[in-house]
Every structure is written in structure tokens, then in C-alpha cells.
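First to last, the protein sequences are chains A and B. Under my numbering, think of the first position of the first sequence as 1, with each following residue one higher. Under my numbering, think of the first position of the second sequence as 1001, with each following residue one higher.
Just to be clear, a hint being listed does not mean it is correct.
[What the hints assert, rightly or not] If you want a taste of the chain A side facing chain B, the calculated C-beta under 8 angstroms gives, among others:
1) R59
2) F60
3) H242
[Unchecked claim] Here are the simulated SDA-like cross-link-like pairs (lysine to any residue), alpha carbons at most 25 angstroms apart as the crow flies:
4) K86(A) - L1025(B)
5) K179(A) - L1025(B)
6) K1072(B) - N238(A)
7) K1157(B) - A1144(B)
Derived from the structure by calculation, the hints contain no laboratory data. Where a beta carbon is used, it is the ideal one built from N, C-alpha and C, also for glycine.
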Amino acid sequence: MNDDAVGSNNPDDSTDFGFSRVDRTAKASMVREVFDSVASRYDLMNDLMSGGIHRLWKRFTIELSAARAGQTILDIAGGTGDLAAKFSRLVGPDGRVILADINAAMLEVGRDRLIDKGATGNIDIVQADAQALPFEDDSIDCITIAFGLRNVTDKATALRSMLRVLRPGGRLLVLEFSKPTSPLLAKIYDQYSFQVLPVMGKLIAQDSDSYRYLAESIRKHPDQDTLLGLMEEAGFVNGSYHNMTGGIVAVHRGFKA
Amino acid sequence: MTRHDPALLSAALLGAERALNQAILLAPTSHRELEALSGTLLGIEVTSLELTLYVELVPGAEVRLLNHCEEKPTAFVRGSIEDFTALIASDDPAATLINSGIELQGSSASLIHLQQVIAGMDIDWEAPLVERLGDVMGHQIAEALRSVFSWSEGARKSLKRQLSEYLLEEGRLTPPKLELEHFFEGVQTLSMQVERAQAKVERLMAKAASRRTQ
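Just chain A, with the same shape it has in the complex:
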């Protein structure tokens, strides 16, 4: 488990930024710089890096949300809005989807994409920090955070904030890179992440450092069981997770009692 996992209990007041240690107060702005840099080509890079598989991971996450007409869904770190667009159809005109992200550049790309797809009317776009969500208590039916939790400085605080805004019975879904279950796959994945990924980042987004950070931040993120423990510590019940693509990615689910 890394230092982020224990949140504000970290005594030296530093936190991980990829494989580096940085001041806790500086991490958010450093992460923002990374995403400012990659925002315009974020979806294209995701498609190239994952071979399009990220769409399948997100599809299964949407199924696990069990989203229904009339519900309120909060998609944190929703960036370019691909989950929000699908939720918008599922909740219908009587429902509401909130696309939230700490990064204004990502939200701008997301807003434009949603308008292009015609997904408007039931979507609100909010710039918000996952650690201090600006929503009422017990107001959200389902929260999703896809590939965002690892960039949050204090994960425990963020999870407690999510629990606060969820309605009793509501659910949180965390889709995030995790730990491959096979040692062989882990070795191949390491080679890919640290050799291929930065080169692709340089060629396509002209930014190898940002993609190196993405690879490093994945390695520092808690593994499946540690994250499940964090969710339980934050107060989520009936927690479980599903490994996907050999554990490269896992989707965790927890409910508010």
C-alpha cells in the first residue's frame, strides 16, 4: 500500500507523484499539468494504449452501475465524458448525470464531445475536487470514477466524500488499473508501460513525461485487496471487485448502508 492509501495520516506530509515524492499540497497542481498537457488527445491515446479495450472495461462498469431511468449519476474524473454520454441515455430525461473533474481542460474537451454527440439536457458539468465534493448529503444514486482515483492526493478523504453524497443503498464503482494476476503478464505489462507507453506519448501527444507519470502512478496505486480495504475503512459495505484483462484493470464496487 502506498502513502496515499492512508490519506492524511502520512507523517512526512509528502505523497507519491508517480515514482517521485512530492509535497502533498503540490500534487493536485502537478496532476493538473499532466492532464492539461494530454487533454486534447486523451481519448485517442487511451484507444491506442489499450487497443480500444478501455471501452470494454467501461462497458462492464456501466452494466455494474445498474443505472435506471430517473436516477442521478455522478461521474468523477469523467474528463472527456464517454461514461457520462452513456449514462445520459440510461437515466433518460427524468434523470441527471453530473460530469465532474478537477481539470478544466479535460472538462472543456468533455463538454464539446457531449455537445457533438447530442448528449445534453440531463448532464451538468462541474469542476470539482473528489476530496471535497460540492454536493448535498444523500443526493446521488451511483458514483463512478474511472481511471481517476490514483491521481487523487488523499484517497481515503475522497472515498469518505463519495460516501457522504451517496444515497443509502447507492453504489460506488471504481474502475482503475490494478495488479495483474499472472507474473508473466505482469512482466510483459511492465515492459509495455515503461518502454512502449512513453514513446507512444511522445509520438502522439508530444509528451513522453506525462505518459511516464501515468505508467508510474499505476504502479503506485493500491492493488485489488488494498483498495477494497480502503473502501471498507471509508464505510462502504458489501464491497467486491472484478478483475479484467488478467487483473491489469479491476472494477471495485461498494454500497452505502
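We have chain A; now place chain B onto it with these hints.
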């Protein structure tokens, strides 16, 4: 939930869903019939593959194939891959459903209706071919495809009829359907008569026992 990797299963379902929805768009009659079935949710558990999936019919005659669903299905069926293949190809889905190893929970009517719509899908290949290849080439290829499908459908029906005739008439390996139904009716009548006789005997024995005690 199944033991399969959800991403792999999602890939397979996504491909099948796109193909199915494209086919529905090219079959106007089925499109209308599926629109009427909108809201139907069918759960399918294929025991031999340890696989559970859901088929949801949404407005616009679209089909969604799901790996995970928490809604209560209109009908839930459980069986082997052979059972489901037989059901899809069946001319008499109600009889196949009763006689196969498929377990059914919920409404059989929606399942049978859906099977009939799928089995009766008449896909118009010409429209997309003409759109991509032009009037002349598209029409020629569509004609060729129609001939192939028509021939294979005719061959399938002919083979089925000849096989059935051989089993019934030449080989005398299976009894005709009517004969079998008559036999089952006879067995059922005999069974009821035996039950009545048994009840009568029990009543007489009880009466005799009560007289002895008096």
C-alpha cells in the same frame, strides 16, 4: 455472474450486439415486431459454458446484450448450448421448450414470440450492398446471395424431411408423432383409471375395517 473475464465477454457481446442490431435494421418486418416487444428482458444461462447473459429489447427495436443485469428478467432460461441451438432452429418452439432440457422461469410467451421473430427474420441484403457497390453490382450480388440462402434453406428443409421419412417409414426407428400422441393419451387415461380404482379400493377397505370394529 460468470467466471469468464468480463472484458473478453463484453467484447464478444459487443460484436454480437452490433451484428444483431445491423441485421434488425435490414429486416423491416422483424424491426416492427421487436418494437412491440420493447421492455422484454431475457436471462440466458448456458450451463455447458458456465455463462450467463441477458438480452434486453429497448425502444427503437434495439437489442442490448449484457454481461451483468440486476433487473428481474421477463423470462430466464437455463440449458446447454445444444438445447438453445435446437430452440433457435425449431419450427415449433413451444414443443421444443417443453421437450428439451431447458429450464424456464417467468413468461414463456415472450420467449416464444422472440424466438419466432428471430427465426423469421428476412434480411434485405440488397440495400446496404447497393449503397456501397452501386445499383448494378449491388443488385447482382444480392441476387446471388438470395439464391444461395434460398438453396441452403431448401436443402435444409429437404434433408430434414427425408431424414424424418427414413426414420419413420423406412427404418421404422421412431413412431409417427400422431401414433405417439395417441399412445401417450392412452397411458394417461390408464393412469387416471388406475388412480380411480385405487381410491375406490381404499374407500372399500376403510369401510370394511370400520364394520369389523363395530
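Against the structure, the hints come out as follows:
1. R59: 5 angstroms, holds
2. F60: 4 angstroms, holds
3. H242: Holds - the Cβ of H242(A) comes within 8 angstroms of chain B, reaching about 6 angstroms at its closest.
4. K86(A) - L1025(B): Distance of about 21 angstroms is within 25 angstroms: holds.
5. K179(A) - L1025(B): Measuring from Cα to Cα gives roughly 42 angstroms; hence the hint is violated.
6. K1072(B) - N238(A): The hint holds at about 20 angstroms.
7. K1157(B) - A1144(B): With Cα atoms ~20 angstroms apart, K1157(B) and A1144(B) stay inside 25 angstroms; holds.
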